[in-house]
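Taking the hints into account, I'd like the entire structure generated from these sequences.
So the sequence lines, in the order shown, correspond to chains A and B. Residue numbering for the first sequence follows my numbering, beginning at 373 and increasing consecutively. Residue numbering for the second sequence follows my numbering, beginning at 2 and increasing consecutively.
Everything labelled a hint here was simulated from the structure, so no lab data went into it. Among these hints, one or two may not hold up.
Below 16 Å or equal to it, Euclidean Cα-Cα: the simulated EDC-like pairs (lysine to aspartate or glutamate) are [said to hold, decoys possible]:
1. A:K989 - A:E495
2. B:K162 - B:D192
3. A:K1060 - B:E46
4. B:K193 - A:E972
5. B:K62 - A:E1065
6. B:K193 - A:E790
7. B:K48 - A:E1073
8. A:K747 - B:E147
9. A:K742 - A:D706
10. B:K67 - B:D255
Output of the computed footprint for chain A on chain B, the stretches with three or more beta carbons under 8 Å from beta carbons of chain A [what the hints assert, rightly or not]:
11. 40 to 46
12. 73 to 80
13. 196 to 204
Don't be surprised by glycine CBs; every beta carbon is placed ideally from N, CA and C.
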Amino acid sequence: MEFGLRSLKRFFTTLLFSIGLFQFAEAQNKFTISGTVKDKLSGEVLIGATIKLQELKGGTATNTYGFFSITVPKGDYTLLVSYAGYNTITEKIELTENKQLSFELTGSNVIEAVIVTNRKKNENVTKAIMGVEKLNMTEINQLPVLFGERDILKSIQLLPGIKSAGEGNSGFFVRGGGADQNLILLDEAPVYNASHLLGFFSTFNSDAIKDVTLYKGGMPAQYGGRLSSVVDIKMKDGNNKDYDVSGGVGLISSRLTVEGPIVKEKGSFIVSGRRTYADVFLKLSPDSTLKNNTLYFYDFNLKANYKLGKKDRLYLSGYFGRDVLGFGETFSTDWGNKTATLRWNHLLNNKLFSNTSFIYSDYSYKIKIKSGTDKFVITSQIQDINLKQDFDYFVDNSSKFKFGGNIIKHTVSPGRIEAEATSNLKSSVIQYRYSWESALYASHELTVSEKLNLVYGFRVSNLTPTGPGNYYNYDQNGLVTDTVKYKSGESVTSYWNIESRVSASFQFTPTSSIKISYNRNVQNLHLLTNSTSTTPNDLWLPSSNNVKPEIADQVSLGYYRNFKDNQYEFSIESYYKDLKNQIDYRNGSDLTANDNVESELVYGIGRAYGVELLLKKKSGKLTGWIGYTLSKTERKFKEINNGNYYNAKQDRPHDLSVVGIYKLSDRWILSGTFVYSSGNSVTFPSGKYRVNEQTIFLYTERNAYRMPAYHRLDLAATVESKKNKRRKYQSSWTFGLYNVYGRSNAFSIAFIDDPNDPTKTVAERTALFRYVPSVTWNFKF
Amino acid sequence: MKHLIKRFDTIKRKQAMKTIVVSVLIAIAFAGCTKIIEVDLKNAEPKMVIEGIVTNSGAAKVTITKSVPFSNSNIFPAITGASVIITDNAGGIFSLTENTPGNYINNSLIGVVGRTYQLSVGLNGKEYKGSSTMPAQVPLDTILLEQIAFVTDNIWIVKPKYTDPPGFGNYYRFIETINGVRNPAIWVWDDKLSNNGVSTRPLIQADSTIEINDTIEVEMQCIDRNIFRYFSALEGVKSNSTTPTNPDTNISGDVLGYFSAHTSQKKKVLVK
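Structure (structure tokens):
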């Protein structure tokens, strides 16, 4: 800790010194080229477009807002601006003063319209950062999916190191972590429950999404708060040149998006909505009780931006989604997320870019029960208000700093019951939990030499739970030993953590490199759910006097090699992760509307390790990849499995995915995915006994059995309407078949009395989806 | 001027959109399909199972059996010849005699509210011990019946009515018998959300078989916290809602089962 603080001080001193230094450097005949890179047709800024001076080593890339800055000595240069799938701009410049340049790239007309990544062609080899995956929306839209519903969270599960949480499920596990250890950001706002319809669909409407980046290791210091991964999703800004209407009609839902300029070239908006109509079919059912059941979801994405002048730009984005599930009048539940982000980009000078964000995020669920005289409503909510400041400081062509901080106020309402007087439950409020989560970070991206690249940084994070409220201490059996009452704003305890993040790449030939990284991540919000499936009744609990911050340390090592002029990418990454303060539950625990929910928790450790191989073909008529993961993930709790290590439920040794997209002609695109994985770890009975006048199963070790292996092939074909240059109208049809050879993959295995011989017990497998065809019609004009 | 024309064009396009006829959809009904499969399960070493009860309304009973491998029939071998003694904190010592193989009984041990009972089972030189305190009895007023629409069916629910006393820490367990046949469903709850007031919390069962003219008997037990936890865990395991595990027993010596001192009241009602 001492050492950490000291090196941290040194780091900040260096940072401040170099900012001061740049004024001085400028006097030494160095000039800055800064500006933005956009798509020529829509005016959407391009994230990660590269700017290179042919005469010099290094270069820079646009940040999330399309801004770049590069400072080099006076001279004549050839400037190259490139972005995958777009024509490169080459421009000769005579640099004798600071220049502001804006570039508009046009999409390339080459047949290889399918691009596997947005990245610079050999970025995977040269950049220090590792464990990062970028997915392109065009590509996601062409992959075959269940019911034809495009889904970014399901598509990322095809990458090595990322495991699906179950059949057709948008939940996922990254490198042995839990589903709650993924930070899912939509325009910087955390999304607490990223699934619709009990996990079958993700909350993200891919029509409104511009860019998805997933970090499974080597997280940059600007991200924090979860142990396993960061999924950073950026919404489209909207076309600022022309109006566009696009949408789609599918089997499950329909989508509509409208975008256009507010004031041409100065500001734009996008509004996108989606709704399912399964409930419409229910209404047609002749069964009167089925008729009264409801099941649907809808969501809206909204975004607007406006350029206030040369140096300022405002962005406002929002998301609102809700699921509704009801059985007649008796029982209904609805749940969903709301997020809103207001951002202000400001250019302090041509090298220092500032972004200030004000972020609101909430997740809530409501359960309504009405049965006879019992009428009550249970609600629960987590709400975040977050103020965030980020700076990008572009020192020169080989050095870039990112620094900033944020402060979040979390308000958790674990459960509120409103009951009518005739109900046997009483109206009551489980006390709210308040906490402040704050962080300061800085990171430095440095090209040390032509071969050596470094990214290193720190994140100092704090969590302080505060009153008003009663906080409890518990004995070994989970009984309250004493209660401490805190006044409003009074801090209960405070956790400080220093999270170091380092990665380095050494490029020993022009097409190959090795990379190494270490990072520590801290998680102060813990998801409590003892259910084995995705449920909407998620309860997030901040660290407290009883619950300590979860900590993960990860080291990884990788080898990267590109072939055939970067047409093929190959990588092998291995990792080891150590987990502390992990959470599980006591037997027979009750997590719903329980003021003493912390008494139900037990704490342990974990470890995860594995190797991930990826071979990608990035261009040509056929593109795609093969990914393979060999991994292990275990947990250890004093109270579980006799205190021995056991497999986490997401532990499975093998995961293979093969993805292929084939451009048959100008109009036809064929695609296919194949996945194979070992079964998840499960606990099956090893005996049985009699208690309470019934047969009860006897369990020995936790998760010592394995579900049957899972495999599946999906195919899709997309046909686009004939291109007509005079018409803007375009449409396409996508036909898909999920689980082509109809394998009965085990969704669950239950042990039941043998229907033929009730004195015996047998295993019953439930399989969900076999041969599911789909058709989707998309249009744009 | 050019901008204006283009904008007008856009508005026309928007109107065109309204005229689009959405193509007919194919609705696919999907449902899970089930199949009996072979699963290769390990055979756990047989474990001793002790189930002991002391009530305020009848004989004290202790049943001792053994667990069997999963593939066996549901026949559980009795453990005979054990020495079974229950003592209380008022100086009472009660010895239970083996009535039928594995069933140990003492007819004169009627539990008293507030007393703590100790179970001691001696077998092959080993001693197994458990303890339970009989909570105060909360009177069972009446049994109400009601028919409700649940998911896709209309089902009968049974609502025991009682008044929870002031102060938290009351735990209840209900056993339902339909025409003399015991319902295996487990209903246990505490007074966390219904403290100090009238409760008619229903015994809901999605696949309830109750029909008109059935005779329903409900046994209401006031149980202690350990037993509440035991049955909550048992219910969780049975309903597959949590990672399966053996409920925590309150008996020492690596055995399965529980020892409970509880109050017991029964009431009958005819469905009509």
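Inset, instruction - May I ask which of the numbered hints given earlier this structure violates, with the numbers listed in increasing order? - result: Going through the list in order, the structure violates no hint and respects every one.
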